[in-house]
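Participant: Quick note: to get our numbering, add 1375 to the position in the sequence shown (first position is 1).
Keep in mind the hints are simulated off the structure, nothing from the lab. By construction, the Cβ of each residue, glycine as well, lies at the ideal position given by its N, Cα and C atoms.
Straight-line Cα separation of at most 30 Å, DSS-like style, residue types lysine-lysine; simulated pairs:
id : residue 1 : residue 2
1  : LYS1581   : LYS1379
2  : LYS1481   : LYS1499
3  : LYS1576   : LYS1416
4  : LYS1402   : LYS1499
5  : LYS1481   : LYS1416
6  : LYS1416   : LYS1573
7  : LYS1402   : LYS1416
8  : LYS1379   : LYS1402
9  : LYS1576   : LYS1379
10 : LYS1379   : LYS1569
11 : LYS1569   : LYS1581
12 : LYS1416   : LYS1403
The calculated label-pair distances, taken between Cβ atoms and stated as ranges, are:
id : residue 1 : residue 2 : range
13 : HIS1500   : ARG1464   : 32 to 38 Å
14 : ALA1428   : LYS1573   : 35 to 41 Å
15 : GLY1412   : GLU1449   : 16 to 22 Å
16 : MET1386   : PHE1496   : 30 to 36 Å
17 : GLY1545   : LEU1589   : 25 to 31 Å
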Amino acid sequence: MNWKIYDSPAMVIRALCDNLLALSRSKKTVHVSLSGGSTPKRFFAALAEPVCANNINWENLHFWWGDERCVPPEDPESNFGAAYELLLRNVNIPAGNIHRIHGEEKPEIEARRYAGEIDEFVPKHSDGVPAFDWIILGMGSDGHTASLFPDQTDFADPRLIFIATQPESGQLRISKTVRLIEAADRISYLVLGKSKAKLLKEIRTKIDAAGCDLNTLPWPAARIRSTRGITEWYLDSAAAMLMS
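Given only the sequences and the hints, what does the whole structure look like? Please build it.
Facilitator: Next up, the structure:
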């Protein structure tokens, strides 16, 4: 695993911002998948600051989402809603470059529609699977990522998008599948804070064990990695405090 550990959350966020700036200047069309949850909100807010907002080539970036709760965009739980309020409405990005999941629609219909949109717009590798340039993910306290939960994830799901059920609340969510995520050229996990330190230590210990088969690990976040490119973890010192 490629662990990138920084002294503070601000330093992690700055590194991600610098990466997006460079990526926006690297080619004309860049497909980036954003994460939901509380941690990415710091990233969105930083990107809206003038130092980023005035220098990133927003017209080159196409934003997508890893998953979305089945709620309308104005709902406080909407992943798109948070990104829009903190970032998208504050920068000069073309409306056509924003590819949100319509959480307010019927899940079965929206899952098919979003899969079709991805299939149409995102370039494919030779195996025919759309390949995002960069997928940014978080990790829950149970080791889930996107809406891929332990003991529920079908790692062999051939689809691009599926409907997930949050195991505690029963809430429906629309999410990328493992197949789609792993086809990305770059996957970055963003994990901040001491609340994730114990789990990260356990993941690191398992991964570093001799002969470890990642496919036997119980946490989707620890198993899902790019099959062609880079998989990396962006951590602050609090999250990494128990890792040796």
